[in-house]
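2 protein chains.
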Amino acid sequence: MAIDKLVVYGVGLIGGSFARALKGAGAVRHVVGIDRSAAAAQRALELGIIDAVGTGPEAIADADLVLLATPVAQTGRILASLLPHLGADTIVTDAGSTKTDVAAAARAALGERAAQFVPGHPIAGRETNGPDAAIPDLYRGKKFVVTPLAENRAEDVARVTDAWQACGAIIHRLAPEEHDKVFAAVSHLPHLLAYALVDDIAKKPHADLLFQYAASGFRDFTRIAGSSPEMWRDISLANQAALLGELDAYMAQLTNLRARLAAGDGASLETVYGNAQRARRQWIEAIEAAEAPPPDTAE
Amino acid sequence: MAIDKLVVYGVGLIGGSFARALKGAGAVRHVVGIDRSAAAAQRALELGIIDAVGTGPEAIADADLVLLATPVAQTGRILASLLPHLGADTIVTDAGSTKTDVAAAARAALGERAAQFVPGHPIAGRETNGPDAAIPDLYRGKKFVVTPLAENRAEDVARVTDAWQACGAIIHRLAPEEHDKVFAAVSHLPHLLAYALVDDIAKKPHADLLFQYAASGFRDFTRIAGSSPEMWRDISLANQAALLGELDAYMAQLTNLRARLAAGDGASLETVYGNAQRARRQWIEAIEAAEAPPPDTAE
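So the protein sequences, as listed, match chains L and F.
At position 256 of the first sequence the residue is numbered 256 (my numbering), and the sequence of numbers has no breaks.
At position 50 of the second sequence the residue is numbered 50 (my numbering), and the sequence of numbers has no breaks.
The set of hints was computed from the structure by calculation and includes no laboratory data.
Note that the coordinates shown come from a computational prediction; the quantities given were computed from them, not determined experimentally.
Among the clues, some could well be false.
Simulated pairs of lysine to aspartate or glutamate, EDC-like, Cα-Cα distance not exceeding 20 angstroms [said to hold, decoys possible]:
| id | chain 1 | residue 1 | chain 2 | residue 2 |
| --- | --- | --- | --- | --- |
| 1 | F | Lys143 | L | Asp248 |
| 2 | F | Lys142 | L | Glu285 |
| 3 | F | Lys204 | F | Asp248 |
| 4 | F | Lys203 | L | Glu178 |
| 5 | L | Lys143 | F | Asp220 |
| 6 | L | Lys181 | L | Glu155 |
| 7 | L | Lys143 | F | Glu155 |
| 8 | F | Lys142 | L | Asp208 |
| 9 | F | Lys23 | F | Glu177 |
| 10 | L | Lys203 | F | Asp208 |
| 11 | L | Lys204 | F | Asp248 |
| 12 | L | Lys142 | L | Asp162 |
| 13 | L | Lys203 | F | Asp132 |
| 14 | F | Lys204 | L | Asp51 |
| 15 | L | Lys23 | L | Asp64 |
| 16 | F | Lys204 | L | Asp208 |
| 17 | L | Lys181 | F | Asp51 |
| 18 | L | Lys23 | L | Glu177 |
| 19 | L | Lys203 | F | Asp220 |
| 20 | L | Lys23 | L | Asp51 |
| 21 | L | Lys204 | F | Glu177 |
| 22 | F | Lys142 | F | Glu112 |
| 23 | F | Lys203 | L | Asp248 |
| 24 | L | Lys142 | F | Asp248 |
| 25 | F | Lys23 | F | Asp162 |
| 26 | F | Lys23 | F | Glu46 |
| 27 | L | Lys204 | F | Glu178 |
| 28 | L | Lys142 | F | Glu270 |
| 29 | F | Lys204 | L | Asp64 |
| 30 | F | Lys203 | L | Glu285 |
| 31 | F | Lys143 | L | Asp208 |
| 32 | L | Lys203 | F | Asp64 |
| 33 | F | Lys203 | L | Asp220 |
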């Protein structure tokens, strides 16, 4: 058994699916769940996601692995609470969407024992949440990005990536700062843009008329604006610098497109639209090939 | 039989589905299809979407109804070619995504016989195209927006809306200018924004790295950037004034959000994100209720 004792902070979609996947793979013996909602922890126990409910940080004693599946802004506080109970052989990891701030919070909270914290980010999610949303296949064929600290030992990084690999994830590795620049462009900016559009429309005097005619294209374009405002507030602030950089680049692009449109320059608009269509098609083909599960794990 | 002879210009997804739906409803006796692609017209004939291939505008002689399912920029030229063959009892309609330009093109091409042209816009579509993509249910439970000209007779407007109703569509009515303002906000602007984002990312030196980590949220956000660049070039230019207005409002919104983000004002960001999430949830609930097919047409 690769992991004798796992402690999961947050037993919802992300943490619960991690526990379910490891159990399904026979890669963990005993799972303790901790959640700010006692009802959620109880539900996770009923569903067999966890084997016991932990009531506080003392639950991590003797754990091999601790996963923080909690909002990124809470990482520092939780790590500080864990420190007095952190055994020499326990590794802590997380699943947050930003990594530079998490790395800084770990160093501030854990000091020289930050080497025991290996940050990471599983690139998977759904619109649902809570223990009932947790499924064993959430991570199968999806990416897990490990963003090690310079002070992490290679064997500790491997303990974390081995666990995610047991969940079916494909392991990638980026520096925390590199991670945050990448996700500012392909995730954090699109969320901000989608929220901005829906709020912009909702504030117009004829919003009801507009929403009446919004159709499936609008629905897909704004799906990410259905995400948790609290979570995305935290992510926006945690990745402020990179997000501002991407937003500025995008606004410059819009200014450019506006000039082409105002000039009635159809050929030039079509070039931009065509470049986007082509790039997206190539990406879809590439990502579908990369995300296809390997034959021996196909279900 | 409500329609004895129908002529469809463009036998792809939009025109082909219209013909299929009317045939399925027993609402048309004879369908003639005209397409700039001879192969597409032949394929539509093989599939039984049309009963005959028309080779030119003389095919509209004795037609009850003519549907133009062609790019909006071609509307004026096609209408001018129809005029010498336009019988006194023939009504022409269209399916274009912009209506002010179509109304102007109709008046310029048809002169005092513009009364026989009833512009409209079915709010339905898919990523696929061509005769093989045409399905009888494309319009079922979806909106058809009729945007009559002042010179249209009420009974002629009713002939067009009756046909779309027979396809299962829910009839809405807007003035052409009102239509274009609404769709600039909920459709044309989102398309421009999605194209702009994908092109922006594709032009960055590390585009490959970025696309490698783009996931399902990005996929949905940019789905509309997979649409035809030619078609959206035409729509952007046809609805230039309204689209510029919406783009300016959106850029002002981004400037505002940028200031909140730069100031680290999390509460204020969360207000915008929360307002958007709430508005979108209410919209989804309302549109799902409105688009549910009535019980007697459920399949």
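Evaluation of the provided hints:
1. F:Lys143 <-> L:Asp248: violated, 37 angstroms
2. F:Lys142 <-> L:Glu285: The hint is violated at about 31 angstroms.
3. F:Lys204 <-> F:Asp248: Roughly 25 angstroms between the alpha carbons, so the hint for lysine 204 (chain F) and aspartate 248 (chain F) is violated.
4. F:Lys203 <-> L:Glu178: Satisfied, since the Cα-Cα distance of roughly 18 angstroms is no more than 20 angstroms.
5. L:Lys143 <-> F:Asp220: holds, 18 angstroms
6. L:Lys181 <-> L:Glu155: It is violated: about 27 angstroms lies between the C-alpha atoms, which goes past 20 angstroms.
7. L:Lys143 <-> F:Glu155: Given pair lysine 143 (chain L), glutamate 155 (chain F) is violated - Cα atoms ~59 angstroms apart, limit 20 angstroms.
8. F:Lys142 <-> L:Asp208: holds, 18 angstroms
9. F:Lys23 <-> F:Glu177: Outside the cut-off at roughly 32 angstroms; violated.
10. L:Lys203 <-> F:Asp208: Not OK: lysine 203 (chain L) and aspartate 208 (chain F) at ~37 angstroms, beyond 20 angstroms, violated.
11. L:Lys204 <-> F:Asp248: holds, 14 angstroms
12. L:Lys142 <-> L:Asp162: holds, 14 angstroms
13. L:Lys203 <-> F:Asp132: violated, 41 angstroms
14. F:Lys204 <-> L:Asp51: Not satisfied, since the Cα-Cα distance of roughly 48 angstroms exceeds 20 angstroms.
15. L:Lys23 <-> L:Asp64: Roughly 15 angstroms separates the two Cα atoms, so the pair holds.
16. F:Lys204 <-> L:Asp208: Outside the cut-off at roughly 38 angstroms; violated.
17. L:Lys181 <-> F:Asp51: Roughly 57 angstroms between the alpha carbons, so the hint for lysine 181 (chain L) and aspartate 51 (chain F) is violated.
18. L:Lys23 <-> L:Glu177: violated, 32 angstroms
19. L:Lys203 <-> F:Asp220: The hint is violated at about 24 angstroms.
20. L:Lys23 <-> L:Asp51: holds, 11 angstroms
21. L:Lys204 <-> F:Glu177: holds, 17 angstroms
22. F:Lys142 <-> F:Glu112: violated, 32 angstroms
23. F:Lys203 <-> L:Asp248: holds, 15 angstroms
24. L:Lys142 <-> F:Asp248: Not OK: lysine 142 (chain L) and aspartate 248 (chain F) at ~38 angstroms, beyond 20 angstroms, violated.
25. F:Lys23 <-> F:Asp162: holds, 14 angstroms
26. F:Lys23 <-> F:Glu46: With Cα atoms ~15 angstroms apart, lysine 23 (chain F) and glutamate 46 (chain F) stay inside 20 angstroms; holds.
27. L:Lys204 <-> F:Glu178: holds, 15 angstroms
28. L:Lys142 <-> F:Glu270: violated, 29 angstroms
29. F:Lys204 <-> L:Asp64: violated, 41 angstroms
30. F:Lys203 <-> L:Glu285: Roughly 19 angstroms between the alpha carbons, so the hint for lysine 203 (chain F) and glutamate 285 (chain L) holds.
31. F:Lys143 <-> L:Asp208: Measuring from Cα to Cα gives roughly 16 angstroms; hence the hint holds.
32. L:Lys203 <-> F:Asp64: violated, 44 angstroms
33. F:Lys203 <-> L:Asp220: violated, 24 angstroms
The structure fails to meet hints 1, 2, 3, 6, 7, 9, 10, 13, 14, 16, 17, 18, 19, 22, 24, 28, 29, 32 and 33 from the earlier list, while all remaining hints are met.
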